[in-house]
Every structure is written in structure tokens, then in C-alpha cells.
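2 protein chains.
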Amino acid sequence: MNSQNGCTVWLTGLSGAGKTTLAQVLGERLRERGVGYELLDGDELRDRLSPGLGFSKQERDAHVRRAGYLCELLSRNGVITVAALISPYRAVRDELRARIPDFIEVYVECPLKELVRRDVKGLYRKALAGEIGNFTGVSDPYEPPHDPDVTVHTAEETPDASADRILATLERSGILKEFAAAPL
Amino acid sequence: MNSQNGCTVWLTGLSGAGKTTLAQVLGERLRERGVGYELLDGDELRDRLSPGLGFSKQERDAHVRRAGYLCELLSRNGVITVAALISPYRAVRDELRARIPDFIEVYVECPLKELVRRDVKGLYRKALAGEIGNFTGVSDPYEPPHDPDVTVHTAEETPDASADRILATLERSGILKEFAAAPL
Chain A
1 MNSQNGCTVW LTGLSGAGKT TLAQVLGERL RERGVGYELL DGDELRDRLS PGLGFSKQER
61 DAHVRRAGYL CELLSRNGVI TVAALISPYR AVRDELRARI PDFIEVYVEC PLKELVRRDV
121 KGLYRKALAG EIGNFTGVSD PYEPPHDPDV TVHTAEETPD ASADRILATL ERSGILKEFA
181 AAPL
Chain B
1 MNSQNGCTVW LTGLSGAGKT TLAQVLGERL RERGVGYELL DGDELRDRLS PGLGFSKQER
61 DAHVRRAGYL CELLSRNGVI TVAALISPYR AVRDELRARI PDFIEVYVEC PLKELVRRDV
121 KGLYRKALAG EIGNFTGVSD PYEPPHDPDV TVHTAEETPD ASADRILATL ERSGILKEFA
181 AAPL
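Chains as they are written, first to last, in our numbering: chain A, 1 to 184; chain B, 1 to 184.
Honestly, the hints are just simulated from the structure, not real lab data. All clues given are correct.
When the alpha-carbon atoms are kept at most 20 Å apart in a straight line, the in silico SDA-like pairs for lysine to any residue are as follows:
no., chain 1, residue 1, chain 2, residue 2
1, A, 57, B, 53
2, B, 57, A, 52
3, B, 57, A, 53
4, A, 57, A, 43
5, B, 113, B, 123
6, B, 57, A, 51
7, B, 57, A, 50
Given the sequences, and given the hints that come with them, work out the whole structure.
In C-alpha cells, the structure reads:
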């Protein structure tokens with residue numbers, strides 16, 4: 001059996017809010033600690049689990065459920081699973097929380113105004129011009145968590161600081177042991 | 001990190017050939033050894049990964065790819081993953097073999113005549129009467145593996161004997177340590 005408890009750290013938030021960056025920083029921290037972890041990123045998940053699937057509410061919910069099943073299996077096998085998905089609908093996220101024993105919901109928050117200003121991939125410009133449909137935050141709703149385990153404000157804090165707060169939450173809940181960095 | 005190497009034991013064969021029974025016996029053996037394992041069974045996988053999906057070649061292939069992605073993630077996180085799926089098409093199974101480092105393909109063979117005789121779920125009768133379409137072995141093809149790692153003949157050997165041969169293969173390939181049962 002695996003020597004650690006698994007869990008699912010579920011990062012939800014708008015496109016461009018910083019979910020992937022935060023997941024990668026979390027991954028580095030978990031690697032330093034020598035614990036088994038897996039990063040599941042929105043784009044790869046779409047590609048492997050739901051190729052060709054669209055972005056209607058029904059299709060998004062189906063995809064989020066699939067990704068959640070994957071998290072559930074990894075978690076119960078002792079893997080710290082970090083999943084980064086827009087996952088805009090509250091009900092289906094709550095469904096996953098009910099199913100997965102250690103489900104840590106992280107709301108990755110960034111004001112839409114700031115996202116439109118950054119617009120790293122140029123998607124918001126296109127969505128606002130009506131060139132992309134079903135775009136979360138513009139033409140599709142985003143339902144923020146009512147009671148997330150952690151809220152990170154990416155316009156106000158660094159990914160490092162956000163990662164530290166998430167790790168502290170995992171320590172408090174007994175999923176991760178407290179970590180003392182090796183002295184220099 | 002996990003202390004063991006993971007792998008995927010992929011059971012392919014016709015409906016009723018004995019994949020689920022064999023997976024359960026394998027699971028008991030793995031539990032006795034104290035290794036981390038997961039059983040993925042066809043019906044639950046369909047329900048969680050592909051609800052509402054049909055049985056055309058394209059749909060079956062999509063489902064098998066999804067299930068394979070799940071096996072890939074579990075395997076690389078040190079879990080011995082036993083998947084039982086009809087998975088009738090050779091090309092997509094070979095695709096998984098190419099992707100997953102320790103992929104053990106097990107052909108669960110049973111003559112159609114014997115399956116029709118047993119017909120535990122009454123599905124063959126219906127398929128032969130034309131009441132169920134896309135039924136593997138009757139109205140849909142089954143492509144046996146060309147070079148499976150293990151072939152088990154469920155009409156000729158017990159699930160226990162089949163499980164022993166699969167475990168021996170895992171030991172020979174270095175995935176499992178040799179196991180001496182505790183003396184009585």
C-alpha cells in the first residue's frame with residue numbers, strides 16, 4: 001500500500017486566472033517534499049478524456065465528472081492530485097466533493113477586468129468580439145464556490161505565496177506532514 | 001514517492017469470458033501481497049467515464065482510450081492497475097501498449113460456443129436473435145491480440161490458475177517481487 005494519504009486539490013477559476021501556473025508551483029513544492037503527486041491540467045485532460053467535446057453546460061459537466069473520477073481513483077491510491085479546470089458550475093463541483101474523501105477546493109480568483117487586460121492568449125478579445133461562443137466569464141456563467149477551502153487572489157499575491165497557503169491547508173488537515181526545508 | 005512500480009494488467013475478451021471474475025481473483029492475490037492495486041471494471045468504467053456512449057467502433061475506441069489514460073496515470077503513480085474491458089479492436093489496444101510503460105495484455109479466451117451455452121446474463125440469446133446490435137462476437141468483430149503477454153483459457157482452467165500465471169508474469173518482468181506465502 002502507499003505510505004501517504006492521497007487527496008484532490010481542485011483549482012477552479014476563469015481562463016487565464018493562473019490555475020496552471022499555480023498547479024506547476026504546487027508540483028515543484030510537492031516534489032521537494034518527496035511525495036507522490038500528479039498534475040492534471042485542463043488542456044491535456046480535454047485532449048485525453050474528452051476529445052471533440054464541446055462547451056455546453058451538459059458537456060462541461062460530463063467532462064468535469066470524468067476528470068473527477070480520475071482524481072478519485074488517484075486520490076484513493078495515495079496520490080496528491082492537483083487538477084486545474086475552469087469547472088464553472090457549482091453543482092458538479094459539489095458532486096465531486098461529496099464523492100472524494102479529501103477534496104480541497106481552491107478558488108483561483110482574478111477580476112475579469114484584469115484578465116481582459118492581460119489576455120495572454122488573446123481569447124478574451126475574441127470572446128468579447130463574439131468570435132468565441134460559450135466563453136466562461138463572458139458569454140457563459142462562472143459560479144464561484146460558496147465555501148472554498150482556499151481562495152487565492154492571483155492579482156494580489158504571487159503563485160509562491162498561494163502555493164504556501166494551500167500546502168498549509170494540507171498540513172492542517174493532516175494530509176501532508178509539516179515540512180522543514182533542509183538547512184543550507 | 002510510491003515504493004513500488006506500477007503497471008497495467010489489461011484483460012481483453014468477449015462478454016462473459018470471465019474477465020471480471022479473473023480481475024477479482026487477481027485483486028485478492030494483490031491484497032494478500034500488500035501492494036497498492038486498483039480494479040477497473042468494464043461496467044463501472046462505462047458508467048463513470050462514458051455514460052450514454054454507444055457501441056460503434058468509434059465510440060468503443062474513444063472509451064478504451066479514456067480508460068487507458070486512467071490506467072496510464074495510475075500505473076505511473078505506482079499502482080498495479082487491473083482493467084477488464086472487452087476492448088475488441090486491436091489497433092487501439094496497441095496504441096495503449098505503446099503509451100503505457102508496463103502494459104501487460106491478457107487475452108481472456110473462451111470459445112463462443114461455450115459462451116452461448118453458459119449465457120449467464122442472457123445477452124447472447126438476445127444478440128443471436130437480433131435484439132441487441134453491435135454485440136461483440138455476434139454482430140460486431142472481436143480482434144484477438146496477436147501477441148498477448150498471457151493467454152488464459154477460461155473454459156479449461158480455473159480463475160485461480162489463470163491468476164497465478166499472470167502473477168508469475170509480473171514477477172518475471174520485475175514488477176512484483178516473488179512472494180512466499182506465510183507458513184501455516
